[in-house]
Structures are given as structure tokens and as C-alpha cells.
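Asker: Generate the whole structure from the sequences, applying the supplied hints.
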Amino acid sequence: MDAATDYSLSGLIKASATRNKLDLIIKEQQLYALYQPIVNLSDGSVLGYEGLIRGPVNTDLHAPLALFEAARECGMALEIEFLSRSIVMESFAKLGLPGRLFLNVSPDTLVMEGRREGETLRCISDSGLQPKQIVIELTENAPAMDYSQLRRAADHYRSIGFQIAMDDLGEGYSSLRHWSELRPDFVKIDKHFIQGLQLEPKKLHLVRSIQEIASYSGCKVMAEGMAQHAELLAKREEG
Numbered sequence: 115m116d117a118a119t120d121y122s123l124s125g126l127i128k129a130s131a132t133r134n135k136l137d138l139i140i141k142e143q144q145l146y147a148l149y150q151p152i153v154n155l156s157d158g159s160v161l162g163y164e165g166l167i168r169g170p171v172n173t174d175l176h177a178p179l180a181l182f183e184a185a186r187e188c189g190m191a192l193e194i195e196f197l198s199r200s201i202v203m204e205s206f207a208k209l210g211l212p213g214r215l216f217l218n219v220s221p222d223t224l225v226m227e228g229r230r231e232g233e234t235l236r237c238i239s240d241s242g243l244q245p246k247q248i249v250i251e252l253t254e255n256a257p258a259m260d261y262s263q264l265r266r267a268a269d270h271y272r273s274i275g276f277q278i279a280m281d282d283l284g285e286g287y288s289s290l291r292h293w294s295e296l297r298p299d300f301v302k303i304d305k306h307f308i309q310g311l312q313l314e315p316k317k318l319h320l321v322r323s324i325q326e327i328a329s330y331s332g333c334k335v336m337a338e339g340m341a342q343h344a345e346l347l348a349k350r351e352e353g
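Per the working numbering, the sequence shown starts with residue 115, numbered consecutively.
Keep in mind the hints are simulated off the structure, nothing from the lab. Don't be surprised by glycine CBs; every beta carbon is placed ideally from N, CA and C. Possibly wrong hints are sitting among the right ones.
As the list claims (entries may be wrong) - Ranges of calculated distance between the beta carbons of each label pair, as one might list FRET restraints:
hint, residue 1, residue 2, range
1, 174, 329, 38 to 48 Å
2, 189, 261, 20 to 30 Å
3, 130, 246, 36 to 46 Å
4, 140, 319, 27 to 37 Å
Answerer: This is the structure we're talking about:
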């Protein structure tokens, strides 16, 4: 056996092992949810919670990036994302958390969902939640996409009662195009532009510009990654 064949065989074995892990995760629903509060800076009230998902503890698929990357490589992204949504919504309802649930959804999976039409509505019905309690938070993970399809999918969910949010504004491939095409109800500024905001005039100028565009378009702005009191005060001053 030559080196190239050996490398190819080891890759196949690794891929098969990963697929088996994912199959077991789906079969036994080995994912669990965490919730990060979203706070209104004007009065300190909780607007809602972002639902976060984690894989089995003490495994190489515990971190969400590793979990979803493995799922995409194995052609199981749709299955893992649907399971994640179901678990996040069910747990949110059981905990009785106040406000809206911000549900992470990848744009490509949102478009792909046409293959299993009604699956998200079924999950919501099973959990006892209502569409008006859910904000679909679109993550940006694709360099190119059919915006007409994505816009139709987003408009479909809006017509049912969902709201739309755009995650990580300023990071990734085409944030401004996303904003223009999807007209979200919320935009979340990437933490890179929030951390150290009070110390860097360029970041401050960018955040002001985002706030102006959001105000004009009737969109609410969220800032992620605020970990220091000074950053909080700076952001509050920017509205």
C-alpha cells in the first residue's frame, strides 16, 4: 500500500467514524441548549434569549463549530440543524423564559428546508410556542447564495409571524448585501466592532453609521460580546 492510498483509507475511516457519531447524536438526541440573554439597554429589561446548542460533553463534537462543520462534511447539516432547533425550542418552552427566542438558522439550510416543508412549524407546535415568539437569526456562513430564494424563504416565515435577525454584521462575506436583500427586523453587530469600542474612533464611527442605517430602515441593533462596563456605557451613548 502506497502513502496516497493509506492516506485516502484513513480519511474514509475517519469520515465513517464521524458519521456514526452524528447518527448516534441524532438517534439519541445528544444535544443540549444554552441561552444567552439579550438586554434592552434603555431600561435593563430582557428582550429575549439567543438559543445556543452544544454537542455531547467531552467529545470532539461538543463545540458548535466542530459539530456543524462535521455535519456539513457528512451531508447531515439539515438533520443536525433541525434537531438543534427542536431541542432549543423545547427547552426554551420548558424553562418558561420570558421574551423572544432568537433561533440560529443557516441561510443555506433555510432554503433547503423546502424539502421538509412544515418541519419548523411542527417543532414549534410540539413545544407549545407560537411563531411570534421566535426570531430567526440568520448566520452568515456561505460565500455565495441565491438571494431570491433566500428572500422568498424569509418572507414566507414573516408571513407566518416570525421575525428575522441578521447575525454578526461586519463579519463574513457580504453583510451589507444580506441587510439590503433581507430587510431584517434586527441586526447584530459582530463583537470585533464592539470590544474596545470606547477606545477606537473608527469602530465608534462604524457603529454610529450602522445605527443610522438601522434607524432609517426601522431595524433594531444588537451588540454582541459586551464584557466591560465602559463598552456598555459607550454603546448606550450611541443609542
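Asker: So, for every hint listed, does it hold in this structure?
Answerer: How the hints compare with the structure:
A C-beta distance of roughly 44 Å is found between residue 174 and residue 329, which places it inside the suggested range of 38 to 48 Å. Range check, residue 189 to residue 261: Cβ separation about 24 Å, and the 20 to 30 Å hint holds. Between residue 130 and residue 246 the Cβ separation comes to about 43 Å, which falls inside the hinted range of 36 to 46 Å. Hint check: residue 140 to residue 319, Cβ distance near 46 Å, so the stated range 27 to 37 Å is violated.
In this structure, only the earlier hint numbered 4 is contradicted, and the remaining ones agree with it.
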